[in-house]
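Protein chains: 4
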Amino acid sequence: MNHAIILISCPDHRGITAAVTGFVYAHNGNIIHADQHIDNQSNTFFMRIEWALEGFDIPESEIKSAFAPIAERFNMVWNLYFDRGKKNIAVFVSRPLHCLQDILLRHGQGEISGTLRLIISNHEDARPLAERAGIPFYFLPITSENKADQETQELKLLADADINLIVLARYHQILSQNFVEKYPNRIINIHHSFLPAFQGRNPYEQAFRQGVKIIGATSHFVVEELDAGPIIEQDTVRVSHRDTIADFKRKGRDLEKTVLSRSLRWALENKILSYENKTVIFD
Amino acid sequence: MNHAIILISCPDHRGITAAVTGFVYAHNGNIIHADQHIDNQSNTFFMRIEWALEGFDIPESEIKSAFAPIAERFNMVWNLYFDRGKKNIAVFVSRPLHCLQDILLRHGQGEISGTLRLIISNHEDARPLAERAGIPFYFLPITSENKADQETQELKLLADADINLIVLARYHQILSQNFVEKYPNRIINIHHSFLPAFQGRNPYEQAFRQGVKIIGATSHFVVEELDAGPIIEQDTVRVSHRDTIADFKRKGRDLEKTVLSRSLRWALENKILSYENKTVIFD
Amino acid sequence: MNHAIILISCPDHRGITAAVTGFVYAHNGNIIHADQHIDNQSNTFFMRIEWALEGFDIPESEIKSAFAPIAERFNMVWNLYFDRGKKNIAVFVSRPLHCLQDILLRHGQGEISGTLRLIISNHEDARPLAERAGIPFYFLPITSENKADQETQELKLLADADINLIVLARYHQILSQNFVEKYPNRIINIHHSFLPAFQGRNPYEQAFRQGVKIIGATSHFVVEELDAGPIIEQDTVRVSHRDTIADFKRKGRDLEKTVLSRSLRWALENKILSYENKTVIFD
Amino acid sequence: MNHAIILISCPDHRGITAAVTGFVYAHNGNIIHADQHIDNQSNTFFMRIEWALEGFDIPESEIKSAFAPIAERFNMVWNLYFDRGKKNIAVFVSRPLHCLQDILLRHGQGEISGTLRLIISNHEDARPLAERAGIPFYFLPITSENKADQETQELKLLADADINLIVLARYHQILSQNFVEKYPNRIINIHHSFLPAFQGRNPYEQAFRQGVKIIGATSHFVVEELDAGPIIEQDTVRVSHRDTIADFKRKGRDLEKTVLSRSLRWALENKILSYENKTVIFD
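Chains as they are written, first to last, in my numbering: chain A, 10 to 292; chain B, 10 to 292; chain C, 10 to 292; chain D, 10 to 292.
Next up, chain A with everything else stripped away, as it sits in the complex:
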């Protein structure tokens, strides 16, 4: 049974909720979820509404135009989505494979509803995993000389596969501004620290030197500035003086996997709204 989902942000006004829910009801839709949030600082209204299309009297192809007048009336920035399962996912990965393995396992267990269309890496390490899972694998090594060319190649692969969501599952190359701008709020990165602490390279080593008692992992949408995009999810785990850097990495791998997988699930279910440099998670 197909569902429709609309994500909305707009200046707060009286009547938005009534108008949106009234629209669904007037056309015989059954609301499954309706969440809203008002950011009082910026006076911004956010909403996620999901309804069952069974019995809904507007055809899927015409919902967008039918809803447009309401959106205009309230100056909405909005998107309409159908069904959870339709997103096409590309995974970028470098040498640490635990996040990719975790995504593959969860995909196999039905936790992740999208379609894994391709895996891109600047190393060959992930190839056997990709082949065993039957997912096309592209080895595109990056040097300072070939970076622009390889990105052109990557963008073509993404376009050809109709990719909606890119997951950087420990991909250790910085994407160019040009690349990032093509997929706004569609590229999720996992960073192995509790951002904004320990940006950049070797965050576990940084954390170890600092003598912190807790380490973290952070998923965020990718923007041009490194490790600075809107945070989607974070989690932490306790460490002690007994933990070596190897222990930090071992504990951190578990964090990275869970933080990335939660973000991926929310993205696939259209539960993330990004605004300014933050996210609203309708979970």
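It should be emphasised that the hints constitute simulated quantities derived from the structure, not laboratory data. All clues stand as given, with none of them false.
Same chains, same label: a pair holds when it works inside one copy or across any pair of copies.
Using 25 angstroms as the maximum straight-line C-alpha spacing, the simulated DSS-like pairs for lysine-lysine come out as follows:
(1) Lys191 / Lys95
(2) Lys191 / Lys156
(3) Lys73 / Lys191
(4) Lys260 / Lys95
(5) Lys95 / Lys73
(6) Lys95 / Lys258
(7) Lys258 / Lys287
Remember, predicted model here, so these are calculated numbers, not experimental data.
Position chains B, C and D relative to chain A; hints supplied.
The following block gives chains B, C and D in isolation, referenced to the frame of chain A:
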């Protein structure tokens, strides 16, 4: 600025959200929060809607009757509340005073919005705290002989002070069925274990003997059966073989305080909906 | 570089630590870890000492007899172990495969130091995983009629493979008293609840009906009584009214994996001491 | 019953543990706790040993000189302490009083074993709390002009009261280098962020603007550089887009209290060893 809040549960149908939000909008109310939840197992719809009354064109005293037709149409069990600050609270406490101290501190810091009207205890220990805070204190010791009489006395005190919410802040007497039935979903107890494990007496000692690696605290609405009412909130903390029973109690006190204070805040803000033997928390 | 490890429990007396560390030093051993714990309730002393054998002047084969007089003097229950890597592991699994997959992944990443010698299941589901990993797989379905025979077969497989540690990675058969007694404190089970709450079958369904706000997982040594052996590790995760039983299971899988893998690592590193119905974890 | 505690750090060598525990045993001491840790990166050995003095055949006043030869042999940096209860504590506080209130409550409940000798503040707000608790209160407002003079006054008060431990319980003045150097590893500060993120002023506001999903609190020893001393303890709590800055502060207060109180307890029990810019916590 006053707010109105309606808490609703009813069988799920198309159009409930539209009807409720449409009602608020039609009378020029500004929705501040609107949360809903559908329990698929029982096909039950739950909703909490909060709107600002500034500009609302129905007087407070007539909102109840104005909303009644919508409630009837959908077979709603519902309640209308005004403003966060108006609840009158009674605290019952025995000898451990940390939960009461915590409530008094949070009240002093403005975290807890109700009015502490009276403190009842079967011991004298809490009297100095009550007097310093300027809250009437009643010493009502309980024996098997006088229990019925003392409860009669307590019920009179509660009625005279127009109490809406009773907090058992480590009160170690069992309330009678008669008492409990007078305040359905209005008596919050803190139990010092992760329920349903370790019901009844000495839960920390039980947990210690069991050798658990994590202890917990649970707040719940009081029903006639001991430690069996709908759970409102729980939290846990790690223990190890190095922790003695005294350490369990020390760590547990912090848990009890935070778990109870969260529940109290939710109750005062009308964010808890109880159904079957569970709660929905609209936070 | 090989290490020796001694785990000790005995009645507390003056001089135990001095005697044990003095023994290692007198024979030119370099202590890597020395942890001790005194249980004041039972006046029991526990110790784990690990030292590097490089330069130690007693051959490995004679350490046991050399230490025996100290052990006798203090009435120690004790065990000597060498090296982390030598334990032979058997995994028992039924149909949910996530714990087995997790063990295989961690083994591949070097997190788990033992040797996976064989996988036994009462279903065929795990066979492809076992074969891909190159680990012998035995399909031994259990009925009330054949249970004794199948256990005989299992015990023979375990003996032939010189198994030191058995991991029940969601194995849904109850082992007989005879079986359990052959591997005291050597069989680790993962139970998908926060024990002692929700013992037995369908703990997530039990937790869901109870309306708990936190779910857990527990690893323990197997004793004859179901889900009642000494607890090794527990962990918890928050749930809300929005979580379905499927969400409980999804969140729970992550808990089960981390709780079981921690226990397995501790067991392989000889960090667990079991006494009465509890454990001391020297981590 | 009095205990002696020695905290040790020195280059790692064979025989340290045997020498230290042998010393205690040779003089008929009963070891209560013995913990050690080796930092492999710097090859440094750390130890905390605590033994009961009942029956110990060296008088308290001579233990220091009796142990000195062992300390010299291994190039130890070391300290000898007696009994938990003897430390004299000074609390510095500015306007937010929750940490001071928490310390007073825990002190009243016997959780904190030292003696609260004096409270110093640059505001008058804390005076009623201090007076009610019967603790001398000194109002020493700080301006850029009088800072040096006021610190001279503070140092005199601390010296006169024989203070061993200074707790900055949300004290919003920066101590001078001269002041800090007089109490190395004896001044504990609570910072209301997950350091090293959000140093300096208004960390909750910084965290809110950053859109983090988890906030934290950090206790550390004070060094000259602001918010940069060795971290003693940290803890974190989840926030969401629904939380306002006021919610961050409310949740943060609970974190600050627990993090600071744990650190204070460890300091009073001589469980913290500071080295380089880190701490070892023997808990």
